[in-house]
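Enquirer: What follows is each chain in one-letter form.
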Amino acid sequence: DAGITQSPRHKVTETGTPVTLRCHQTENHRYMYWYRQDPGHGLRLIHYSYGVKDTDKGEVSDGYSVSRSKTEDFLLTLESATSSQTSVYFCAISAGQGRYEQYFGPGTRLTVT
Amino acid sequence: DQQVKQNSPSLSVQEGRISILNCDYTNSMFDYFLWYKKYPAEGPTFLISISSIKDKNEDGRFTVFLNKSAKHLSLHIVPSQPGDSAVYFCAATDYGGATNKLIFGTGTLLAVQP
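Residue numbers (my numbering), protein chains in the order written: chain A, 3 to 115; chain B, 3 to 116.
Keep in mind that the hints are not guaranteed to be accurate.
As the list claims (entries may be wrong) - Only part of the chain B face toward chain A is listed, based on derived beta-carbon distances under 8 Å:
(1) Ser-51
(2) Phe-64
(3) Leu-104
(4) Gly-107
The set of hints was computed from the structure by calculation and includes no laboratory data. Nothing here was measured: the structure is a model prediction, and the numbers come from that model. Cβ coordinates follow ideal geometry from the N, Cα and C atoms, glycine included.
All chains, please: the whole structure from these sequences, using the hints.
Expert: And the structure:
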């Protein structure tokens with residue numbers, strides 16, 4: 003199994019509060035991604051990173067920001083959580099260099115009340 | 003606009019029989035395709051992939067078929083086992099992309115009945 007951890011694994015928060023989710027990898031992979039999974043929508047890309055301090059938006063980036071100050075850590079921040087951001091969030095990593103497989107963390111279930 | 007489509011939300015199959023999961027795509031630039039399997043409360047796990055230069059790739063009980071002209075791929079599981087019950091996602095990407103981004107379908111829930 004790829005060395006990917008996510009924290010916290012579960013979180014309940016109130017509308018309007020900031021929330022930060024952490025993804026940590028031990029594989030030294032270049033690419034890191036944040037997805038959300040919702041019924042009927044599959045996995046949708048929020049933001050991704052192609053190197054330290056190099057990030058870009060995915061298809062559902064509104065209301066989210068990311069940071070990557072070290073190869074191993076990729077943070078996802080909800081600046082002001084809304085109920086529509088209740089979801090399961092997955093981090094993934096990819097080696098690049100002709101390898102296209104992404105390996106996923108265990109997920110974080112976030113509930114915004 | 004859904005570039006990768008899995009039109010069957012669910013599929014039920016008897017143990018020992020063949021499971022066929024289907025996936026269609028609209029972007030002709032896609033040239034590498036992957037299947038992932040996901041159990042409840044776990045992250046998706048990579049299952050099998052295929053490049054557009056091939057029309058078939060096999061790994062044990064799992065075979066992926068690609069029909070480029072129809073923009074269609076399928077995953078065959080033979081024989082199906084109860085442990086195969088999970089959500090299956092197909093995904094696609096293009097070799098020219100510098101970001102290794104994948105586009106996922108909405109998933110098909112496979113239930114293998116003992």
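Enquirer: With a cut-off of 8 Å on the beta carbons, see whether Gly-107 (chain B) makes it to chain A.
Expert: holds (6 Å)
Enquirer: Checking hints one by one. Is Phe-64 (chain B) an interface residue toward chain A, by the C-beta closer than 8 Å rule?
Expert: violated (15 Å)
Enquirer: Do the numbers back the hint for Ser-51 (chain B), that is, is its least Cβ distance to chain A under 8 Å?
Expert: Where the cut-off is 8 Å and the nearest Cβ of chain A is about 7 Å from Ser-51 (chain B), the hint holds.
Enquirer: Under 8 Å is the threshold here; is the Cβ of Leu-104 (chain B) close enough to any Cβ of chain A for the hint to stand?
Expert: Leu-104 (chain B) check passes; min Cβ-Cβ to chain A is 6 Å, inside 8 Å.
When held up to the earlier numbered hints, the structure conflicts with hint 2 and nothing else.
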